[in-house]
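Given these sequences and hints, build the entire structure.
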Amino acid sequence: MKPKAIILRGTGTNCDIETFNSFKYVGAEPELVHINQLLSGEKQVLDYSIMAFPGGFSYGDDISAGKIYAVKMGRLSADFGKFIKDKRPVIGICNGFQILVKTGFLPENKANAQVSTLYTNDCGHFVAKWIKVRINKKSPCLFTKGLPDEIELPIAHGEGKFIIEDKKILSDLLAGELHAMTYSENPNGSMRGIAGITNPAGTCFGLMPHPERNFYAWQNPDRPAAAREALAAGCQFFKNAVDYVK
Amino acid sequence: MTDLLSNFTSLSKKQLAELDGTCGWSLSALELAEVQRQFRGMGRQPSRGELETIAQTWSEHCKHKTFSGPVAFRAGGRVKKYKNLFKETIVRATRKLNKKWCLSVFTDNAGIVQFGKSGKWGLAFKAETHNHPCAVEPYGGAETGVGGVIRDILGVGLGAKPVLNTDSFCFGYPDSKKKLPGNSHPPERIMRGVVEGVRDYGNRMGIPTAAGGIYFDDGYLLNPLVYVGCAGLIPVEKIAKKVMPGDLIVSIGGRTGRDGIHGATFSSANIEEDTSASAVQIGHAINEKKTLDVLMRARDLGLYNAVTDCGAGGFSSAIGELGSQTGARVRLENAQLKDSLIEPWEIWVSESQERMILSVPKARLAGLEAILKAESCDYCVLGTFPGNGRLLVTHGAAKVVDLPMAFLHGGVPNFEKPARRRKVKISAKKPARPAKSYGRILKAMLAHPNVCSRHSVINQYDHEVQGGTVIKPMQGKYGDGPGDAAVIWPQAATLDLSDFSGFAVSHGFNPAAGKLDPYQMALHSVDEAVRNLLCVGAEISRTAILDNFCAASPRDPEVMGDLVLAAEGCHDAAMAYGAPFISGKDSFYNQAKDAGGNEYPIPISLLISATAPVEDIRKAITMNFKEAGSSVYLAGVSRGGMGGSVYNDMAACGNNFISPLDMKAAVRLYTGVLKAIKSGCVPAAHDVSQGGLAVTLAEMAFSGGFGAEIDLCDAKREDGLTPLELLFGESPARLVLEVVPGKEHEFLKLVRGLPVSKIGCVRDSLVLEVRDAGARLFREDLSQLKKSWKRELI
Chain A
10 MKPKAIILRG
20 TGTNCDIETF
30 NSFKYVGAEP
40 ELVHINQLLS
50 GEKQVLDYSI
60 MAFPGGFSYG
70 DDISAGKIYA
80 VKMGRLSADF
90 GKFIKDKRPV
100 IGICNGFQIL
110 VKTGFLPENK
120 ANAQVSTLYT
130 NDCGHFVAKW
140 IKVRINKKSP
150 CLFTKGLPDE
160 IELPIAHGEG
170 KFIIEDKKIL
180 SDLLAGELHA
190 MTYSENPNGS
200 MRGIAGITNP
210 AGTCFGLMPH
220 PERNFYAWQN
230 PDRPAAAREA
240 LAAGCQFFKN
250 AVDYVK
Chain B
174 MTDLLSNFTS
184 LSKKQLAELD
194 GTCGWSLSAL
204 ELAEVQRQFR
214 GMGRQPSRGE
224 LETIAQTWSE
234 HCKHKTFSGP
244 VAFRAGGRVK
254 KYKNLFKETI
264 VRATRKLNKK
274 WCLSVFTDNA
284 GIVQFGKSGK
294 WGLAFKAETH
304 NHPCAVEPYG
314 GAETGVGGVI
324 RDILGVGLGA
334 KPVLNTDSFC
344 FGYPDSKKKL
354 PGNSHPPERI
364 MRGVVEGVRD
374 YGNRMGIPTA
384 AGGIYFDDGY
394 LLNPLVYVGC
404 AGLIPVEKIA
414 KKVMPGDLIV
424 SIGGRTGRDG
434 IHGATFSSAN
444 IEEDTSASAV
454 QIGHAINEKK
464 TLDVLMRARD
474 LGLYNAVTDC
484 GAGGFSSAIG
494 ELGSQTGARV
504 RLENAQLKDS
514 LIEPWEIWVS
524 ESQERMILSV
534 PKARLAGLEA
544 ILKAESCDYC
554 VLGTFPGNGR
564 LLVTHGAAKV
574 VDLPMAFLHG
584 GVPNFEKPAR
594 RRKVKISAKK
604 PARPAKSYGR
614 ILKAMLAHPN
624 VCSRHSVINQ
634 YDHEVQGGTV
644 IKPMQGKYGD
654 GPGDAAVIWP
664 QAATLDLSDF
674 SGFAVSHGFN
684 PAAGKLDPYQ
694 MALHSVDEAV
704 RNLLCVGAEI
714 SRTAILDNFC
724 AASPRDPEVM
734 GDLVLAAEGC
744 HDAAMAYGAP
754 FISGKDSFYN
764 QAKDAGGNEY
774 PIPISLLISA
784 TAPVEDIRKA
794 ITMNFKEAGS
804 SVYLAGVSRG
814 GMGGSVYNDM
824 AACGNNFISP
834 LDMKAAVRLY
844 TGVLKAIKSG
854 CVPAAHDVSQ
864 GGLAVTLAEM
874 AFSGGFGAEI
884 DLCDAKREDG
894 LTPLELLFGE
904 SPARLVLEVV
914 PGKEHEFLKL
924 VRGLPVSKIG
934 CVRDSLVLEV
944 RDAGARLFRE
954 DLSQLKKSWK
964 RELI
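These protein sequence lines map, in sequence, to chains A and B. Here the first sequence is numbered in my numbering, starting from 10 and rising by one per residue. Here the second sequence is numbered in my numbering, starting from 174 and rising by one per residue.
The reader is advised that the hints may include incorrect statements.
Computed list of lysine-lysine pairs in DSS-like fashion (alpha-carbon distance at most 27 Å, straight line) [what the hints assert, rightly or not]:
| hint | chain 1 | residue 1 | chain 2 | residue 2 |
| --- | --- | --- | --- | --- |
| 1 | B | Lys511 | A | Lys76 |
| 2 | A | Lys138 | B | Lys616 |
| 3 | B | Lys792 | A | Lys141 |
| 4 | A | Lys33 | B | Lys792 |
| 5 | B | Lys511 | A | Lys81 |
| 6 | A | Lys138 | B | Lys792 |
| 7 | A | Lys177 | A | Lys147 |
| 8 | B | Lys546 | A | Lys52 |
| 9 | B | Lys792 | B | Lys960 |
| 10 | A | Lys147 | A | Lys96 |
| 11 | A | Lys255 | A | Lys11 |
| 12 | B | Lys792 | B | Lys293 |
| 13 | A | Lys141 | B | Lys960 |
| 14 | B | Lys650 | A | Lys138 |
| 15 | A | Lys33 | B | Lys293 |
| 16 | B | Lys546 | A | Lys13 |
| 17 | B | Lys546 | A | Lys76 |
| 18 | B | Lys963 | A | Lys138 |
Label-pair restraints from in silico Cβ distances [claimed, not checked]:
| hint | chain 1 | residue 1 | chain 2 | residue 2 | range |
| --- | --- | --- | --- | --- | --- |
| 19 | A | Lys91 | B | Lys511 | 35 to 43 Å |
| 20 | B | Gly569 | A | Ile72 | 35 to 43 Å |
| 21 | A | Gly50 | B | Gly569 | 53 to 61 Å |
| 22 | A | Asp175 | B | Leu668 | 38 to 46 Å |
| 23 | B | Gly197 | A | Gly50 | 49 to 57 Å |
| 24 | B | Pro359 | A | Gln53 | 50 to 58 Å |
| 25 | B | Pro347 | A | Asp158 | 36 to 44 Å |
| 26 | A | Ala184 | B | Leu668 | 38 to 46 Å |
| 27 | B | Ala206 | A | Gln46 | 54 to 62 Å |
| 28 | B | Asn507 | A | Ile72 | 30 to 38 Å |
| 29 | B | Ser956 | A | Ile72 | 54 to 62 Å |
In case anyone wonders, no lab produced these hints; they're calculated from the structure. By construction, the Cβ of each residue, glycine as well, lies at the ideal position given by its N, Cα and C atoms.
Following this line, the structure appears as structure tokens:
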């Protein structure tokens with residue numbers, strides 16, 4: 010049976026359909042679900058085996074990116090908490106990563122409190138471009154398994170500067186190899202060039218770059234792609250999640 | 174003013190003009206007299222709401238009186254008369270071409286052509302301008318411009334899903350030395366505001382902004398041009414819409430406020446010192462995103478019979494348009510407001526953003542409401558479409574408008590505008606020999622604002638959301654080469670991951686040529702747009718184009734003359750390239766006074782936006798050199814004339830001749846080149862446009878990380894062409910091709926008999942060397958060339 014993947018939407022989510030398509034391509038059965046449908050009880054997150062928070066500008070990124078969506082999730086934090094504790098795969102891409110950070114699910118901590126943030130890029134504005142990222146091979150992250158040391162992915166964000174104020178939390182994160190992905194050239198001023206982090210179980214992963222935009226070789230700015238393989242590095246992230254739950 | 178209003182039918186001409194000025198209607202004396210005559214006939218005084226409705230409906234912005242009106246064009250002692258300039262030029266070409274793949278032209282909010290092989294989809298394409306608002310309030314003006322053109326795509330047929338935004342801007346030079354009047358913004362501030370507006374709105378909407386351009390000329394110092402475009406996919410069975418009598422009028426999306434009162438009428442006049450910023454609307458992208466999400470779901474469930482957007486004129490024009498056959502009964506007290514002090518007539522004409530009007534069968538309202546609530550989208554039921562042909566608008570017990578629709582939509586008087594050819598001195602003498610070396614000229618040219626890199630702007634736009642921007646605005650080895658056209662694979666609209674159909678979008682724009690020869694400008698612009706499509710391997714025999722004219726005051730016969738010539742050029746180019754116009758828009762009165770009180774008109778500005786299908790997006794090509802050892806070919810004949818060139822802008826060489834375009838030869842050439850691209854012989858193609866051949870070669874080289882050794886001795890050229898014209902002339906219908914070593918023989922067979930000649934080879938060494946019959950013209954390091962080019966515009 011195909012694993013069911015919940016692709017969470019809200020007002021202003023805008024990478025939902027390509028994320029949906031990516032999960033569909035690797036053999037999941039994705040479904041787009043609006044946060045309102047969860048809040049009304051029409052849908053339950055625990056009915057799914059994979060969860061994705063796609064990119065976008067949820068609720069306009071008012072207050073700060075992902076904040077309002079995170080607040081809306083508050084009432085359902087028991088369900089989301091159980092989903093993660095069950096080690097069902099969760100991926101937050103861009104605005105999805107911002108949501109996971111603002112909810113306190115990432116970096117994982119006992120109090121479930123927000124201990125880090127993704128702040129306005131050092132350049133002061135939104136940036137969309139292709140960059141190189143390094144994959145931390147020692148990381149428990151299940152999404153990045155089997156990827157080469159360095160891959161290309163596009164970024165597209167205004168608030169991507171990863172900051173942890175507490176030195177202890179940062180050193181724990183680094184010691185646990187939870188920084189699954191770092192920028193080869195830091196585009197936003199993130200501490201330690203961190204582009205993506207995971208929970209210690211490796212099942213909950215948030216990242217600023219967009220793997221769904223480097224899913225096929227022909228999405229790369231350096232073409233011709235037709236001469237190469239059809240699939241690109243981004244595909245692996247989604248495939249890993251499906252393989253894990255199968 | 175109340176006095177004048179209550180005695181409207183007996184006012185003198187002078188009093189009418191005074192009232193028009195106070196109320197900001199921008200109606201002409203003739204139009205005011207016609208309104209007066211109509212109300213005399215009805216035997217009553219009009220209400221403020223009625224006069225406002227008429228002013229909106231009859232405005233230049235809504236009715237396009239100039240372009241679709243009668244014109245008498247005088248040139249060389251002869252007079253040519255047009256009854257309807259637009260219909261007799263642009264529309265006429267489309268009618269004559271009569272392409273089966275055109276599904277909807279000139280009737281709806283956007284043009285629609287067939288998309289893909291399945292026969293299930295149509296591609297809607299539209300471009301708009303938002304010039305006047307951007308002159309007054311650049312950020313808000315640009316935001317709401319983007320929002321407006323997206324709503325055109327949402328409001329075409331029963332709604333298309335936007336998959337691409339385009340934007341093309343014209344500004345004064347950021348370092349312009351001209352003295353500006355106190356009320357104007359410096360060009361750099363306008364540029365920053367506009368870019369930020371497009372960024373913040375487009376990015377939040379989740380639509381990739383992936384095509385367009387930026388053009389600098391001091392003619393745009395006081396009147397920047399902001400062209401915004403949008404393309405979307407629509408199922409073919411959702412193209413037809415019809416309001417049924419008895420349907421409910423439902424407004425969804427944003428609320429109504431006092432922002433944007435008189436936007437339509439204000440953009441139908443020149444900008445003056447006291448122009449009010451309240452005429453510019455306030456944007457809220459997230460409201461529009463909700464509207465988009467609701468609309469796509471409701472469309473697929475068939476919950477409404479018709480839809481259109483609230484643009485200029487607000488409810489008055491949207492409801493007026495939808496109800497033009499059925500009439501409309503509107504109760505304004507039902508409107509959701511964001512301002513409690515708003516007058517009823519203001520609710521009726523407010524141009525508050527993010528609103529769409531749906532025509533909903535009563536039985537479907539509950540279904541629609543469920544979706545609106547699920548997406549947290551505001552809405553209100555404003556009334557019904559009764560079927561009696563009458564427009565009745567009330568607010569509680571008060572009557573705001575009570576008029577027959579026929580008067581509103583049929584009554585507008587029009588008068589003949591005089592037009593004449595502008596007198597321009599053209600010199601075709603040999604261009605003066607440059608004082609600087611060709612290498613230095615090239616570096617200066619690469620740094621010219623009209624040539625240099627746009628990365629600092631493009632990087633601020635999310636040009637890849639939806640995961641379908643296959644050919645990006647920046648491409649090549651370093652992801653920064655300047656692309657010719659964007660190619661979109663609309664996976665987020667079709668959801669079909671095994672269908673590799675896509676479409677390309679490009680532009681052609683050349684106001685520098687328009688100053689010298691508006692007719693040739695139109696030809697060159699269409700040619701450039703088609704050639705850009707060719708450069709990515711699009712099916713150019715299926716090109717569809719949009720015209721967006723911007724001009725100064727049409728009261729000036731020379732401005733009208735420019736327009737006539739450009740429109741005739743559009744007609745002739747459409748016929749020659751077999752490329753029908755499917756939609757268009759015009760914006761006049763782009764004129765303002767400078768500090769000294771002198772009139773500052775913009776040059777005639779025609780943006781051609783073009784789209785063509787890409788059969789297999791995986792095979793689309795980019796512009797950078799791919800492999801050392803490849804051959805470099807120049808397709809097309811280089812001709813004399815430096816008119817309209819970047820070179821002349823940097824250092825006038827005494828020659829301002831524009832070489833006429835041989836369109837038949839161009840079409841023959843492009844057909845052959847497309848065959849070669851499709852056969853896989855050509856991994857890179859780049860057009861020769863601004864800056865000429867030297868710039869094209871430099872861009873292909875530094876974007877690919879390969880040098881090239883070029884000798885132009887075999888390049889096809891007009892007799893007696895100087896090296897300056899060969900390197901930096903901008904004669905049209907030329908492109909540079911890279912040809913894979915093993916496929917040169919096949920390539921030559923496919924282009925046999927065409928003016929295509931080998932000019933050199935791609936090399937590993939990072940140097941661009943160009944010779945002419947052995948004599949070196951320049952030899953430059955790629956790093957130096959790229960350094961000059963890669964400037965931070967913003």
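Results for each hint:
Of the pairs offered as hints, the one joining Lys511(B) and Lys76(A) holds, with about 25 Å between alpha carbons and a cut-off of 27 Å not exceeded. Of the pairs offered as hints, the one joining Lys138(A) and Lys616(B) holds, with about 26 Å between alpha carbons and a cut-off of 27 Å not exceeded. Restraint check for Lys792(B) and Lys141(A): the C-alpha separation of about 25 Å stays at or below 27 Å, so the hint holds. A hinted pair counts as satisfied when its Cα atoms are at most 27 Å apart, and Lys33(A) with Lys792(B) qualifies at roughly 24 Å.
The hinted pair formed by Lys511(B) and Lys81(A) meets the criterion: a straight-line CA distance of about 25 Å does not exceed 27 Å. Only pairs whose Cα atoms come within 27 Å are accepted, and Lys138(A) paired with Lys792(B) is accepted, the gap being roughly 22 Å. The suggested pairing of Lys177(A) with Lys147(A) holds, with an alpha-carbon distance near 20 Å, which does not exceed 27 Å. Annotation: proposed proximity of Lys546(B) to Lys52(A) holds, straight-line Cα distance about 16 Å (limit 27 Å).
For the suggested pair Lys792(B) and Lys960(B), the alpha carbons sit about 31 Å apart, so the restraint of at most 27 Å is broken. About 19 Å separates the Cα atoms of Lys147(A) and Lys96(A), which keeps this hinted pair within 27 Å; it holds. Our distance criterion of 27 Å between C-alpha atoms is met by Lys255(A) and Lys11(A), whose separation comes to about 8 Å. Between Lys792(B) and Lys293(B) the alpha-carbon distance is near 23 Å, which keeps this suggested pair within the 27 Å criterion.
About 22 Å separates the Cα atoms of Lys141(A) and Lys960(B), which keeps this hinted pair within 27 Å; it holds. Restraint check for Lys650(B) and Lys138(A): satisfied, since their Cα atoms lie roughly 13 Å apart, inside the 27 Å limit. At most 27 Å may separate the alpha-carbon atoms for a hinted pair to count; Lys33(A) and Lys293(B) meet this at roughly 22 Å. Taken as a hint, the Lys546(B) and Lys13(A) pair is honoured in the structure, with Cα atoms around 26 Å apart against an allowance of 27 Å.
Restraint check for Lys546(B) and Lys76(A): the C-alpha separation of about 22 Å stays at or below 27 Å, so the hint holds. Proposed proximity of Lys963(B) and Lys138(A) is supported: the alpha carbons are some 15 Å apart, at most 27 Å. The beta-carbon spacing between Lys91(A) and Lys511(B), approximately 41 Å, falls within the hinted interval of 35 to 43 Å. Between Gly569(B) and Ile72(A), the C-beta spacing of about 39 Å keeps the proposed range 35 to 43 Å intact.
Here the CB-CB span from Gly50(A) to Gly569(B) is close to 40 Å, at odds with the stated 53 to 61 Å. The hinted range of 38 to 46 Å is satisfied by Asp175(A) and Leu668(B), whose Cβ atoms lie roughly 44 Å apart. Range check, Gly197(B) to Gly50(A): about 52 Å between beta-carbon atoms, so the 49 to 57 Å window is met. Distance hint for Pro359(B) and Gln53(A): a CB-CB separation of about 56 Å, consistent with the stated range 50 to 58 Å.
At about 43 Å, the CB distance of Pro347(B) to Asp158(A) agrees with the hint of 36 to 44 Å. The supplied range of 38 to 46 Å is met by Ala184(A) and Leu668(B), whose beta-carbon atoms lie about 43 Å from each other. Restraint check, Ala206(B) to Gln46(A): a C-beta distance of roughly 59 Å satisfies the suggested window 54 to 62 Å. Checked against the hint of 30 to 38 Å, the pair Asn507(B) and Ile72(A) passes, with Cβ atoms roughly 32 Å apart.
Between Ser956(B) and Ile72(A) the beta carbon distance is about 45 Å. The supplied range of 54 to 62 Å is therefore violated.
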